[in-house]
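Colleague: Sequence:
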Amino acid sequence: KSEEGLESVVRLLKAAPDQKSRETLWESVFLGWQEQPRGTPEDEKRWTKLVQNHKLTNLFLVDWLEIQSDVTLRVGIALKQDGPFFQAASEAFDIGTSAERRVTLLNILAPSGRTSLIDETLDLVENNSSEKVRIAGLQVLGHFDDPQIAARLIKLHQSTESESLKSQIRDVLLGRAGSARAWVEAVERKEIPASVTPLEQIRRVALLGDEELDSLVTKHWGKLQGVSREEKLAEVRRLNNDVRAALGNPKLGKDLFKKHCAGCHQLFGEGAKVGPDLTTANRQDRDFLLVSLVDPSSVIRKEYVSAVIVTRSGRVVTGLPIARDDSSITLVDSKSEKLVLPMSEVEELNESPVSLMPDDLYRQFKPQELRDLFAYLQSQK
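Following this note's numbering, the numbering of the sequence shown begins with -3 at its first residue and continues without gaps.
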């Protein structure tokens, strides 16, 4: 990100033999910019001023009119150009645009950081009928630290019936200190039951480093360090007795697997590939299955180690890295929702010692449901 670099791009563009070559070059330029770490706010202002006054921008505007593609939209937004931004926003917020296209455009718009997106995106998240579009809108809102976002998302959480949408709302709110405080204070006022927030989500608050928030979390959710190994082994023995007490129904167990497990695991070719494929796991060893259920963080294979990312704007996100290159990293969460972050936005990236699978997942099963689930898990298909 320098004047010399911009001059080099200009020379390459002028030497490109045709439109397709220029589009490919613009894509490479965009990826190169994404690889560069973001500087201070002052550095970013200097970069914006340099780019806007450089002849590269004029070359881009000519190409943008000729090459109408997502590549040029991304480049134009990176160059802080109003034309590409408003084109993408106009199409994204047009109810006549297909849901799939709106999701793509919202993902293109998200890194822009333009606060003018907030109101329209909030309206979209509150009123759109497509859950995929609403979730893409939530990912846009996750880029902003704005009190009105927290207030309106908390109201939406109270009114929507979609559990997936509620979970994504909590992910957005608990990723920043300000909105996490708004959520916890709503619990403090008894507007929201503490029980609706799973422990794996509320644990994220500890990563924000706010003592006052930590105190409120302890008040409503207890200490989050987890139970001792001895307590977990005792829980495994208790569940083992429950499973052995009667026969389970594998057909009912299959339905339970689809509802609670298939979002991350495959079995007999059905389910997602976020976590290990259970088809080839040691399924006949009931103790192994129970330990994996009660204490999923006890052994985490290298390829399933989650990441904790702190962005330059102070947002904390967690998930399993499923793709990474010099320009971006893609995370997937326990609900199979993907989040793509430019590497230029990443301040810290660390491995998480905690499994993506919740510790307390088994607690929602009644004894007979657990027997049914295990009957299916240990079946031969």
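Careful, some of the hints might be misleading.
Claimed, not checked - In silico BS3-like pairs for lysine-lysine, Cα to Cα no more than 27 Å straight-line:
| no. | residue 1 | residue 2 |
| --- | --- | --- |
| 1 | 128 | 331 |
| 2 | 128 | 298 |
| 3 | 298 | 247 |
| 4 | 41 | 16 |
| 5 | 186 | 151 |
| 6 | 362 | 334 |
| 7 | 162 | 10 |
| 8 | 247 | 269 |
| 9 | 219 | 186 |
FYI, nobody ran anything at the bench for these hints, they're computed from the structure. None of these values were measured; they are calculated from a predicted model.
Colleague: Each hint: holds or not?
Modeller: Hints and how they fare:
The straight-line distance between the Cα atoms of residue 128 and residue 331 is roughly 13 Å, inside the 27 Å bound, and the hint therefore holds. Of the supplied pair hints, the one linking residue 128 and residue 298 is violated, its CA atoms being roughly 30 Å apart against a limit of 27 Å. At most 27 Å may separate the alpha-carbon atoms for a hinted pair to count; residue 298 and residue 247 exceed this at roughly 33 Å. Between residue 41 and residue 16, the direct Cα distance comes to roughly 31 Å. Violation of the 27 Å bound is thereby established for this hinted pair.
For the hint pairing residue 186 with residue 151, the CA-to-CA distance comes to about 14 Å; that is within 27 Å, so the pair holds. Restraint check for residue 362 and residue 334: not satisfied, since their Cα atoms lie roughly 31 Å apart, outside the 27 Å limit. At roughly 50 Å between alpha-carbon atoms, residue 162 and residue 10 are farther apart than 27 Å, so this suggested pair is violated. Between residue 247 and residue 269, the direct Cα distance comes to roughly 22 Å. Compliance with the 27 Å bound is thereby established for this hinted pair.
As the CA atoms of residue 219 and residue 186 are separated by approximately 20 Å, the hinted pair is consistent with the 27 Å bound.
In summary, the structure is inconsistent with hints 2, 3, 4, 6, 7 from the numbered list given earlier, while agreeing with the others.
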